[in-house]
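Colleague: Read off the chains here:
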Amino acid sequence: MDLPLTRRALLWRGVALAAVTAGAAYGSLRGVDDHWPFAPMSQFAFRTDPDGEVRAAFVMAVDARGDRRELALTNETVGMNRAEVEGQLEGFRSRPERLAALADAWAALHPDRPRLVRVELLERVTRMRGGRLLDPVQEPVAAWGAP
Amino acid sequence: MGTVTSPTAAPAPARLDRARGWLLPAVPLERVAVFRVLVYLFVPLDVLLLHTIGDTRSAANADLYSPLLVGRLLHLPVPTEALVLVCKWGAALLALAALSGRAPRLLGTAVLLLWAEYQVVAFSYGKVDHDRFAFLVALAVLPTVGRARLRGGGPSEAAGWALRTVQLAVVATYFYAAWAKVRFGGWEWVNSATLARAVDRRGTVLSEWMLDVPWTLHAGQWVIVAFELLSPVVLFVGPRWRARIVAFFLAFHIATYAGTSIFFWPHTLCLAAFLPLERLAPRLDAVVRRARGRVAGGRPAWTSR
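In order, the protein sequence lines correspond to chains F and C. Take the first sequence: its position 55, counted from the start at 1, is 55 in our numbering, and no numbers get skipped. Take the second sequence: its position 125, counted from the start at 1, is 125 in our numbering, and no numbers get skipped.
Hints were generated in silico from the structure; no laboratory data involved. In this text the structure is predicted, and so the values were computed from the model without any measurement. Take these hints with a grain of salt, some might be off.
[Said to hold, decoys possible] List of simulated lysine to aspartate or glutamate pairs, EDC-like, C-alpha gap at most 20 Å:
#1 C/Lys-127 x F/Asp-33
#2 C/Lys-127 x F/Glu-123
#3 C/Lys-127 x F/Glu-76
#4 C/Lys-127 x F/Asp-34
#5 C/Lys-127 x F/Glu-90
Using the sequences and the accompanying hints, generate a full structural model.
Modeller: In structure tokens:
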């Protein structure tokens, strides 16, 4: 039997609940992802204009044999997934040499495959009209080549 | 947990009693015991199979590491392979140990810390997932219940508080998700093309046709915001409606998975905190006893009390 709780047990439970509730409320009102676990629940919270565009980052990579192909942006391929690369997109744009990190991660995760000598980060941009998708175009963001 | 209260205390006003009954309902300890089994079974599944993005972090260049606030405040180290392995396997193995119900506070706290650090590592590279708040709360409150067996526990306010807290975290996840849409997208979010974008980026054969029938996605956005804003209702209805609403939540997550291959695993598991899980306790108890009997060397389980 565990009934009823003592006053002390009640008190700290009340305080803990109030603190976490306040944290979650602050995160949602003012917070950003950086404050996790008290971050805003912002999955799919951003508004996409029905007459705007959809952007999706992707990577083209050239390996030591000269093969050029699209590299899936997952944790298994380059240690980061697409959303994470997109989260740092401006960082890659201003400092393209940071793309070397993706080539390093590829090499670390695939020791018996040819190394990447060139990494190009691009965006697939699909314009929309009235929520309907038009044909996509590609826009380069940054490129890095092994020195 | 403490068990004493003064029998001479003056009767509290009825409203205070009602609030206490709501926030600390005396639920069977077996309910929290079953919930604990679900949670600690899920931990190894999560870190070993479902959400292993912490693993490859050490391969990613430290240059891309952008630690969360909590990581900076606590001076958590830049993830190395060793750190990731300790968190991952430590959480998995200690969760399995915690399944036994022994040392629930010690093991439960250790699992909480290791699992949480594994998440912080995973989230320190530019993206944070929002399906893990309720589960984190579940890991935090389970140790506070202390001992809870699958058989013969009786009612407990500590168990009721723990489960109620998980329920609040689940509802907060929905309600604040609607709030975030209004905050970042504005009320016009419901008329946006956000779902079209999601399906364009992550669509499946089950959802891509909807891009050609945009009103279906448009209507979906209204449904999502409406149910997220109304989700607190589940905290105040009777058991029958509670089960129906939880079934709706589950259906929503299954539909999301079918359409975008995103499934909010840990959050969905926490929906169990709304259900009369104690009904599963006898069967689960029988399974545990049989397994223990086998481990104890083939003795029939019922003799090994």
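Colleague: Please go over all the hints and tell whether each is borne out by the structure.
Modeller: Hints versus structure:
1. For the proposed pair C/Lys-127 and F/Asp-33, the alpha carbon gap of about 8 Å is at most 20 Å, so the pair holds.
2. Distance restraint check for C/Lys-127 and F/Glu-123: the Cα-Cα separation of roughly 18 Å lies within the 20 Å cut-off, and the hinted pair is therefore satisfied.
3. Restraint check for C/Lys-127 and F/Glu-76: the C-alpha separation of about 16 Å stays at or below 20 Å, so the hint holds.
4. Taking the CA atoms of C/Lys-127 and F/Asp-34, the gap is near 9 Å; set against the 20 Å cutoff, the hint holds.
5. For the hint linking C/Lys-127 to F/Glu-90, the alpha-carbon distance of about 14 Å falls within 20 Å, and the restraint holds.
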